[in-house]
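S.K.: Required output: the full structure, derived from the provided sequences and hints.
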Amino acid sequence: MKITKPTLLIDETKVRKNIRIMAEKARKSDAILRPHFKTHQSATIGRWFAEEGITCATVSSVDMARYFADAGWKDLTIAFPYNPLEAEAIQKLASEIRLNVLIVSKEALEHLNNHVDAPVGYFIKLDVGTHRTGVMPDNFTEIQAMAKSNQPHHVLKGLLAHAGHTYQPLTREEASKIYHQSLAAFDQVSRAIGRKDLIYSYGDTPSCSLVDDFSAVQELRPGNFAFYDVMQHHFGSCALEDIAVCMACPVVSIHPDRGEVVVYGGGVHFSKDFIQVSDRRVFGTVVSTDGMGWETTPLATVDRLSQEHGIIRGSSDFINSVRIGDLVGILPVHSCMAADLQGYYVSLAGQRIEKLNKATL
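Heads up: the sequence shown begins at 1 in our numbering, then just goes up one per residue.
Hints are computed from structural coordinates only; laboratory data are not their basis. It should be emphasised that the depicted structure is a prediction, and the values quoted were computed from it without experimental measurement. Treat the hints with caution; some may be incorrect.
[To be verified] With a cut-off of at most 30 Å between alpha-carbon atoms, the simulated DSS-like pairs for lysine-lysine come out as follows:
1. 358 / 28
2. 25 / 177
3. 28 / 272
4. 38 / 157
5. 148 / 25
6. 148 / 74
7. 74 / 157
8. 74 / 28
9. 157 / 196
10. 106 / 92
11. 148 / 106
12. 106 / 17
13. 92 / 358
14. 106 / 38
15. 25 / 196
16. 74 / 25
17. 17 / 177
18. 17 / 5
19. 28 / 2
20. 157 / 92
21. 74 / 196
M.R.: Printed below as a string of structure tokens:
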């Protein structure tokens, strides 16, 4: 396939290796790997997980659950707070597959009970330090109300946590500390409810990559690990060689006086997520590519993004090495966001890999 515009290349060998390593880690801990599919959003890549023995998955929306249910996945958790306005779609899904939803308040549970008749499992979402959604572990009154469904076909499966505050540079010891703090929250809530059979569902790529033993939980839900990215490398979760996606971008302008190269590839292709390196924002790592693969030696960094433009800042050697019409590779800061913005991927063999297309929903 001839590349003429920003194109997200995917290295199948690296993706499969990343899946295999995480699946083996879960098996060694006797935990179920329920990977988050929001990173890749592709039925084809979902099959790569299935070929590694994965039989259940996590998604971030009702639409994504529908997409993967239609692709043959029969056991899905929507790891986003229950949305009352989508009760009808949840009802339909739950009548077709084993579906779990996330409950973050007693009001949400009441709505589920009153508007969804199909069997649904639910997890209580705990706030273990991210402070995004979830009930605080010491809010026993709210938790006990959320633990008691008045519908026998709505079953409390367990407790769920996403330790998003691991998204920072961490040592293995620091990641382990956050994980064990989450475990303490699980145990505290389990005792308050009076249930010893609850599933502890835990997931974030940094801690799942850095911690070795997860035998105290029953379920792991990392997602980004399938692709990894510059952010995860910055945090210490992976090597640059583990990053399995790279955006091939055409060079459209060169400014030696400013030490800048402009590429076709902006915020609408990458998002505007960045990492802070010393006093600079970095929006991507530049590597060489021929459109059929990429090297992992960093050549420059993406200094800023506008809608379609990517501005690369580099050395004079780098500036002098590129020409208008060349392709450069950019390892994305946040692969989940970059992938979400793509209509499809291209394999290193030049094959188009389809994914969830929001335009058709």
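S.K.: Would you mind marking each hint as holding or not holding in the structure?
M.R.: Consistency of the hints with the structure:
This hinted pair does not check out: residue 358 and residue 28 have alpha carbons roughly 37 Å apart, beyond 30 Å. Of the supplied pair hints, the one linking residue 25 and residue 177 holds, its CA atoms being roughly 18 Å apart against a limit of 30 Å. A hinted pair counts as satisfied when its Cα atoms are at most 30 Å apart, and residue 28 with residue 272 does not qualify at roughly 37 Å. Between residue 38 and residue 157, the direct Cα distance comes to roughly 22 Å. Compliance with the 30 Å bound is thereby established for this hinted pair.
About 34 Å separates the Cα atoms of residue 148 and residue 25, which puts this hinted pair outside 30 Å; it is violated. This hinted pair checks out: residue 148 and residue 74 have alpha carbons roughly 26 Å apart, not beyond 30 Å. With a C-alpha separation of about 16 Å, the suggested pairing of residue 74 with residue 157 holds against the 30 Å cut-off. Of the supplied pair hints, the one linking residue 74 and residue 28 holds, its CA atoms being roughly 24 Å apart against a limit of 30 Å.
Between residue 157 and residue 196 the alpha-carbon distance is near 11 Å, which keeps this suggested pair within the 30 Å criterion. Restraint check for residue 106 and residue 92: the C-alpha separation of about 23 Å stays at or below 30 Å, so the hint holds. Between the alpha carbons of residue 148 and residue 106 the distance comes to roughly 9 Å, so the proposed pair stays at or under 30 Å and holds. At most 30 Å may separate the alpha-carbon atoms for a hinted pair to count; residue 106 and residue 17 exceed this at roughly 41 Å.
With a CA separation close to 19 Å, the supplied pair residue 92 and residue 358 stays within the 30 Å bound. For the suggested pair residue 106 and residue 38, the alpha carbons sit about 27 Å apart, so the restraint of at most 30 Å is met. In summary, the hint linking residue 25 to residue 196 is supported, as the alpha carbons are separated by about 24 Å, within the 30 Å threshold. Between residue 74 and residue 25 the CA atoms are separated by roughly 23 Å; this keeps the pair inside 30 Å, and the hint holds.
Taking the CA atoms of residue 17 and residue 177, the gap is about 27 Å. The hint holds against a cut of 30 Å. This hinted pair checks out: residue 17 and residue 5 have alpha carbons roughly 28 Å apart, not beyond 30 Å. A distance of roughly 43 Å separates the Cα atoms of residue 28 and residue 2; the hinted pair therefore is violated under the 30 Å criterion. A C-alpha spacing of about 20 Å is found between residue 157 and residue 92, which places the hinted pair at or below 30 Å, so the restraint holds.
Taking the CA atoms of residue 74 and residue 196, the gap is about 26 Å. The hint holds against a cut of 30 Å.
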